[in-house]
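Trainee: The chain contents come next:
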Amino acid sequence: MADVKLTHVKKIYSNKVEVLHDINLDIKQGEFIVFVGPSGCGKSTLLRMISGLEDISGGTLEIDGKVMNDVPPALRGIAMVFQSYALYPHMSVYDNMAFSLQIAKASKADIDKQVRKAAEMLQLTPYLDRLPKALSGGQRQRVAIGRAIVRSPQVFLFDEPLSNLDAALRVATRMEIANLKDNMPDSTMIYVTHDQVEAMTLADRIVLLSGGNIEQVGSPLELYEHPANVFVARFIGSPSMNIVPCRIEKTGESTRVSLSSSEVVEVPIVTEASEQTKEAFFGIRPEDLRVVDSKEQGFISGEVAFVESLGEATLLHLQVKGCKEMVIAKQPGTLISQRGDLIHLAAAPDKMHLFNDKEQSYARLG
Amino acid sequence: MIRSSKRSPLIYLTHATVLFLVILWTIPTAGLFISSLRDKDQLAVSGWWTALSASTHMVVDRAEPPSSQVQEGDHFVIKGNILHGQSGKISKFGYSSLHPQAYKAGEVVSIRNGQTMQVMSNGDYVLSSPTKWLGRNGKRIFYTAEMPPHFTLSNYKEVLGADGLGQSFINSLTVTIPATVIPILIAAFAAYALAWMRFPGRAILVACVVGLLVVPLQMSLIPLLKSYNWIGDLFGVSSKTYVGIWLAHTGFGLPLAIYLLRNYIVGLPREIIESARVDGASDFDIFRKIILPLSFPALASFAIFQFLWVWNDLLVAMVFLGTSPDHIVLTAQLRQLMGSLGGDWGILTASAFVTIIIPLCVFFGLQRFLVRGLLAGSVK
Amino acid sequence: MEQLASALVYMVIGVSVCAFYFYGSNFLLDKLFPTKNRAVDIVARNLRITTRIRPWLFLGPAIVFLTFYLFYPVVDSIILSFYGRAGKEFVGLSNYSWLFGNDEFLESFRNNMMWLVVVPTSATFLGLVIASMTDRIWWGNIAKTLIFMPMAISFVGASVIWKFIYDYQSAGNTQIGLLNAIVVFFGGEPQNWISMPFWNNFFLMVILIWIQTGFAMVILSAALRGIPDETIEAAVLDGANGIQIFFKIMVPQIWGTIAVVWTTITILVLKVFDIVLTMTNGQWDTQVLANQMFTWMFRGGGDFGRGAVIALVIMVLVTPIMVWNIRRANQEMEGH
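These protein sequences, in sequence, are chains A, P and U. For the first sequence, the positions run -5 to 360 when my numbering is used. For the second sequence, the positions run 67 to 446 when my numbering is used. For the third sequence, the positions run 6 to 341 when my numbering is used.
One should not assume that every hint holds.
Calculated lysine-lysine pairs in the DSBU-like style (CA-CA distance at most 35 angstroms, straight line) [what the hints assert, rightly or not]:
no., chain 1, residue 1, chain 2, residue 2
1, A, Lys111, U, Lys253
2, A, Lys(-1), A, Lys111
3, P, Lys355, A, Lys127
4, P, Lys355, A, Lys175
5, P, Lys145, A, Lys111
6, P, Lys355, A, Lys60
Because the hints were derived from the structure by calculation, they are not lab data. Quick caveat: nothing in here was measured; it's all calculated off a predicted structure.
Work out the full structure: start from the sequences and follow the hints.
Mentor: Set out below in structure tokens:
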């Protein structure tokens, strides 16, 4: 099975629009990699370039150590699961799964063995004679996956495979894909989604893309706990991280900043002396904020603008003086609070984030 | 819809208007059909709409000729039925043109020299005479009868047999079937290439097809006829052959075929085609195993179009096939009949119906596909 | 029957030849540049070559046919229009000067223009009205089928049908033509509609309108049904009445489709030939361009030069629509 390596990969469309700039990525064999990012970030294009459905405008793509830039899709050792499943509507489930093997002129017995094995694995055996239109959405999705498995590819590519399913089915199918990965520990899987929950739950490593660039590559928790920049910080986690503009007052082993709300906070992050008096961004996740009784116990205060009670948690949207954006605090359980209440918040110092004026994380720079 | 539920007077008006229009649109064809089923003689003297209801006719007919007389006792009798067995009710009759309605049915009327005539209301008549009936022709009987609608297939028998329409029917089929099937395959391949394959000049080719869509057929006739004659001379064959007209119809039908099919094929889901590509299928495989089966509705609708067009065509057939008996198609034959038999409505109406019956069957049978094809070509 | 059998045989041969060509050429391509079971770089090179060649294999026959049957004739007609009767001696512009001084041409041109104005407008308008009405009644589909039916009838067949409607018998005799029967029933004088100068053109146009209204109706009906219900409901809430909704809300939303229907019928009208040929053959001031061209080409020995000139006039009249169509197609292409 195979590693996937992208070196200085670029995509420029015929109308001169560059949608991917200089992508470098090393995917190890057996990894489950998720490309995530807002729509239009180029994640699907990148996947389609790996599959061979889009040309590569610059750089090299290697699969298993071989340059694949000009190799047709079918010979790259990949299989792809499409968002709309892309089942052949006029063929039975069996024929859908057998199609690629028939094209490759495999023997009848061999085809039959492969198809039945995959059907068994995905519990599709009773449906082999049906046409796709007689299947439910989840079953169709499984056929699409089965079609990929049958080819025993080195690399699986998934292009937003769950976005056509309803919420309940999505969770179930997500678990199935996770199981699939466990059953095939040697296969490399690359999965595209815009849904961060899918990314967090499935990925060994997440590749977060934005505007044609890779923002950060790392394990889900790494992205959550140590976002490389403000974009990643905001994208991962829901509700997203609170970002408050600030100014660096003191540098060194720990950094003191004054927030735009005029409070002063000591953050245990190392900064260079040259950063003194520079503009920066202070970040704290809503779930890391804790309501305290007095102003002295906390580090930031604000007036409640509105309250969202979700049952298992309560979201407080606070208007903080001097801040344009609301600060959100997520508190477990139900919290009685009214519009206009003054609330004080505290947080553990190691949960605090600090980004420089170019929105890059000091923690990672240091 | 929303408005119909409340304004009932308006909806009645709508019903009435549509009904009126439907009648207006169907009457011409209905008239033709009814006429073709009527007696030739009646066609020329009364409107076809009178054939639908029972009507009173004043008719003159002849009794059986004297040769059929039999002797009953001392009288010579001629018996028969003046309605020739058809149903009808005679109210009055007479023996001279001066008084055609002189007597009520059932009366026994003496003519002269002891000869008598009796006509019953069901048409049975008895002519009786003390002396032998003479002459060659039967006696004239005038009668007034209430006749029910009467239809006959005799016009059809006549046109299909004697007037060569049967042969033209076969000629038309000979032209139409290959001229419908051959372009489909050629167009389908071209349509797929123009829809899903990437190559330089694709946009220009699509533009060309769209442009050629409106080229008047008439432009092509002279240059093509010249080419056909040249090719004919070269190989020493006639320039008017079935192969020639098949190819001509193929050429003329291609722009529409490519246009319709491309519109359809381009609308097939991209991911299905990409999926097949990832599965290792070449364009030829994709076309055969994915595109062709999925394009069946569009192929069917083009086939119907082309069938109707070729079957109904007059111009191309006249130019490229000519009007010799083993080449003349139905439309051309019908036109000739119109010229030579302008007044013989019996032949003309039956012939016309023979030419339109096949397209009508195709139309009513496959209308669903036809509509779908029309829409693929126009609504985007 | 024997002939039909041989036609079927030819058809099978024709289709086989086509199929053989497509199979054979693609097979050959794959044999010459194999893309299976070879080293990756050879496969990549071969694949580049085959993807470049294959579209032309697919398009080949179509291009040959289109060139020979449509493109070449257009070019040749232009050349022929500068030559004399048999297409041999060069006569310069004399065919053109003959054309514009020719009374019959001016008459056909005038008639064609009348056809162009009357037929597409009437058929589209009637189609639109019928479509909107039939969508509202339960037996609308039956009504549509019946109105659509003449579409399947040949122009020649339609001519016989209508000749029967327009039939004329001199006054006093029983009228067997429906139109005259109605006129007489209401106490009028029977008319010979077909030879009534000027107006007879309109009686011929009725035939084409009768045929084409169904086409317009089917397409416009689909377009009307494609209008989102919300826009109509919003208009109802805004207090618009049925007529206002139709003209101010529905019609503007289907302008594109109306234009397509209109141009399609216009093209057909320019080529109208069969109806005039069979009904009047251009007599009694009903000549049209297509029929006049046919007459010049194939009657009286044939004058290819003059026929070609008339064909060119038709071509020129069609050109604006052609340009418009191509533009529209290009816009659609960009969307893909």
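Trainee: Are P/Lys355 and A/Lys60 close enough, with their CA atoms no more than 35 angstroms apart?
Mentor: Roughly 31 angstroms separates the two Cα atoms, so the pair holds.
Trainee: P/Lys355 and A/Lys175: Cα distance at most 35 angstroms?
Mentor: 31 angstroms, holds
Trainee: Does the structure keep P/Lys145 and A/Lys111 at a Cα separation of 35 angstroms or less?
Mentor: 92 angstroms, violated
Trainee: Need the status of pair A/Lys(-1), A/Lys111: alpha-carbon distance at most 35 angstroms?
Mentor: 31 angstroms, holds
Trainee: Take the C-alpha atoms of A/Lys111 and U/Lys253, compute the straight-line distance between them, and say whether it is at most 35 angstroms.
Mentor: Measuring from Cα to Cα gives roughly 61 angstroms; hence the hint is violated.
Trainee: Measure nothing beyond the straight line between the CA atoms of P/Lys355 and A/Lys127; if it is 35 angstroms or shorter, mark the hint as holding.
Mentor: Holds, at roughly 18 angstroms.
Of the hints listed earlier, those the structure fails to meet are numbers 1, 5, in rising order.
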